[in-house]
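Undergrad: Between the sequences and the hints, there should be enough to build the whole structure, so can you do that?
2 protein chains.
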Amino acid sequence: MLQSHLFTKTRKEGPKNEVSANANFLIRAGFIHKEMAGVYDYLPLGLRVIENIRNIIREEMNALGCQEVSLSALQDPEIWNKSGRWSDDVVDVWFKTKLKNDVLLGLGATHEEPMVRMVSEHVRSYRDLPLYTYQFQTKFRNELRSKSGIMRGREFLMKDMYSFCRSEAELDAFYDKAALAYKKIFERVGIGDRTYFTFASGGMFSKFSHEFQTVCGAGEDFIYIDEEKRIAVNDEVMQDDILKSLGIERSKLRKEKSIEVGNIFKYGTRYTKELGLNFMDEDGNEQPVINGAYGIGLGRLMGTVVEIFADAKGLVWPEAIAPFKFHLIEIVGGGDTGDSVRKEAIELYDKLNSNGVSVLYDDRDLRAGEKFGDSDLIGIPWRIVVSSKTGTDGPYEVKNRKTGEVKMVTLNEILEL
Amino acid sequence: MLQSHLFTKTRKEGPKNEVSANANFLIRAGFIHKEMAGVYDYLPLGLRVIENIRNIIREEMNALGCQEVSLSALQDPEIWNKSGRWSDDVVDVWFKTKLKNDVLLGLGATHEEPMVRMVSEHVRSYRDLPLYTYQFQTKFRNELRSKSGIMRGREFLMKDMYSFCRSEAELDAFYDKAALAYKKIFERVGIGDRTYFTFASGGMFSKFSHEFQTVCGAGEDFIYIDEEKRIAVNDEVMQDDILKSLGIERSKLRKEKSIEVGNIFKYGTRYTKELGLNFMDEDGNEQPVINGAYGIGLGRLMGTVVEIFADAKGLVWPEAIAPFKFHLIEIVGGGDTGDSVRKEAIELYDKLNSNGVSVLYDDRDLRAGEKFGDSDLIGIPWRIVVSSKTGTDGPYEVKNRKTGEVKMVTLNEILEL
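Chains as they are written, first to last, in numbering that gives the first Met the number 0: chain A, 0 to 416; chain B, 0 to 416.
Some clues are possibly wrong.
To give an idea of the interface, some chain A residues facing chain B are shown, with a C-beta separation under 8 angstroms as derived from the structure [said to hold, decoys possible]:
| # | residue |
| --- | --- |
| 1 | K8 |
| 2 | D75 |
| 3 | L98 |
| 4 | L130 |
Lysine-lysine pairs mimicking DSS-like chemistry, simulated, CA-CA at most 27 angstroms apart [unchecked claim]:
| # | chain 1 | residue 1 | chain 2 | residue 2 |
| --- | --- | --- | --- | --- |
| 5 | A | K15 | B | K81 |
| 6 | B | K95 | A | K138 |
| 7 | B | K388 | B | K324 |
| 8 | B | K99 | A | K138 |
Hints listed in this document are in silico derivations from the structure and should not be mistaken for laboratory results.
Ideal placement from N, C-alpha and C gives every residue a C-beta, glycine not left out.
TA: Structure representation (structure tokens):
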């Protein structure tokens, strides 16, 4: 993409009312726009990051055999009354609205109830199970305060997956596979090394639920890490008998601030019983379906990456989710008319594009310092400079945004990166 | 995809409370689920159709130089008060909700106001223009009645594009290009021959706006078609002086029921003046930006296709947006154990997949009649039957869902289809 064509501009300062570092950087770099506290728009660069994250998650969900759907935001009170979650006293983040005839509707903060009802229209017998559904869907949560940028929005995109099994054993086996898929997602996004499979309290059906917690100073949670075992526990689980059952020694635990980037939960029959999702087993007996749920907030994941990797100069994107892999910058020197530099840059831009390499080409008529400043702020992993010093087909000066390492490389070496 | 893996089941009857033909067919075939009147979920087959439509639109928007963004559903009253559209008396389809502190918010029924405000943070001078933004975004409209299935939802996915220009001439030129892109979209989706560029009243800034109206008995609109000119006018424009200015003779017009599948509109400075979106022109004078808007409802477009092409047996999808291109059906005969048929079918399925051909493979243990009935209802363009009569590498019996034509073809001929 030509940067002269990109409509967003960088800015020196974020908005005064923005207290979170992630939103501040993302607004300054033109990735997002703030509509109000906890409500953000995604602009072209930000949307490219979200789409990259979405594609990684989608690949891993499909590999698990999950089927993609898209449920509505508007919620029918009937099913939430059945599950006992319609009341604002039970779910304190409801946004509610009204039809013209004054009938109250909700805006989905989560989707267990409608997913279970929808699935119940397609399940009769044990032959119809197991099945796994997922969606990328906007959630609405009426948070009292919203000060964490895109990490805790009042409106945000979530991947929520739901498993429907015939037995606890079938759920357990799938749950373990889903946990591995989550591990892979966080590794692919670039935060695997600081993300811990974390034991949290489990509710009625299972002893534990599990969170994926990423160590980060901007986190709202605390976890206690057993580095040797690569697992962690949260506050709820910090009891001697529970730690013992997990084979964890309290003295070895390291306390860290962290962000919950994913959670997985065995509901069992919690929602299926209440909403009547049953199946006929092999012996002809009607049984409730055994259910689990698995969530990842895409904005929260993106915000976590920002908080972890950004430095004093701006954003730093891991390659897998960066809006572009290369930032091609043409620099026209003092006495230079720029014609030959531009010709070189366009040729390289065309070659990268025709090789399927994503590249943002800064073709703007600006001073080198401004271009480099913008480039650091936007945070694309590899910067290539084309100037009057560059020969045909290179070598080109390539700089790594994260390490600052600079090297001279040929076109072929760039394509191999 | 293996049909045994697809979790949705077909059904003989749609829900009793569903009065629209499109939703009825789509529910029976397992493409959508009804949450409540005017609110539908998209299930795997339906979501594939929506994604195909989305990709066609995205390609045409990108070819116009438009940049994709994603704005929030939650709406800040401040900007809608500025434009005079916050009141329910002015916009009668608002859904409104409240923050915990009782501040009212809206749910976006359209996005001119937030788009104009967002863009105003990135435009200073004539050098920043023109620019074009678009999004695929969920709209919420509190319709009094909602009886047209996915053609008029209370919640629906819309592509809305916005143009920001320096002059009326620049807007006019882009508007004409956008109209051509729309024409191409409707042609690619498969309804070009019955879709008419239709003159509608234009509001304050321009004499006309334009609708793309598709002739269909299930339509809620009426248009008057000049077949020779391939244009139409709507009720508002049926006045002798206006017809004359368009060079249209009333006596030549044919009245038809139709569905508005797209609309394009020159707003001029209607929103930019009110929200302060100005630019500095080449002479250093501040000018309001000249704005246009261009909408297509994806569900409405999908519903229109259903209404037009469905027959007594079920859905009929045009190839470009069909959930799969081929429906591979294995039929195990009377004395047959099925092993050799299944082997043949799996081999063909693998060959089609490895050639990048999308195929739904009915590997279920059902009678031929049930499989054919489901296949007709789901409406995939080409049906391939593998039975004990099929030899290795064919020839295969292939049937066209739309025309009913049956022919025997080889694998290579299938790949060429």
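Undergrad: If you draw a straight line from the CA of K388 (chain B) to the CA of K324 (chain B), is it 27 angstroms or shorter?
TA: Roughly 23 angstroms separates the two Cα atoms, so the pair holds.
Undergrad: Given the hinted pair K15 (chain A) and K81 (chain B), is their Cα-Cα distance within 27 angstroms?
TA: 22 angstroms, holds
Undergrad: Given a cut of 8 angstroms on the nearest C-beta pair, is the interface hint for K8 (chain A) held or broken against chain B?
TA: 5 angstroms, holds
Undergrad: Please verify that hint: L130 (chain A), Cβ, nearest Cβ of chain B, below 8 angstroms or not.
TA: OK, holds: L130 (chain A) within 8 angstroms of chain B, min 4 angstroms.
Undergrad: Compare the distance between the alpha carbons of K99 (chain B) and K138 (chain A) with 27 angstroms, and conclude whether the hinted pair is satisfied.
TA: Between K99 (chain B) and K138 (chain A) the Cα gap is close to 17 angstroms, so the pair holds against 27 angstroms.
Undergrad: Can D75 (chain A) be said to touch chain B, with a Cβ gap under 8 angstroms?
TA: 5 angstroms, holds
Undergrad: Take the C-alpha atoms of K95 (chain B) and K138 (chain A), compute the straight-line distance between them, and say whether it is at most 27 angstroms.
TA: Holds: K95 (chain B) and K138 (chain A) sit about 16 angstroms apart, inside 27 angstroms.
Undergrad: Given L98 (chain A) as an interface hint, is the shortest Cβ-Cβ distance to chain B below 8 angstroms?
TA: 6 angstroms, holds
Of the numbered hints stated above, none is contradicted by the structure.
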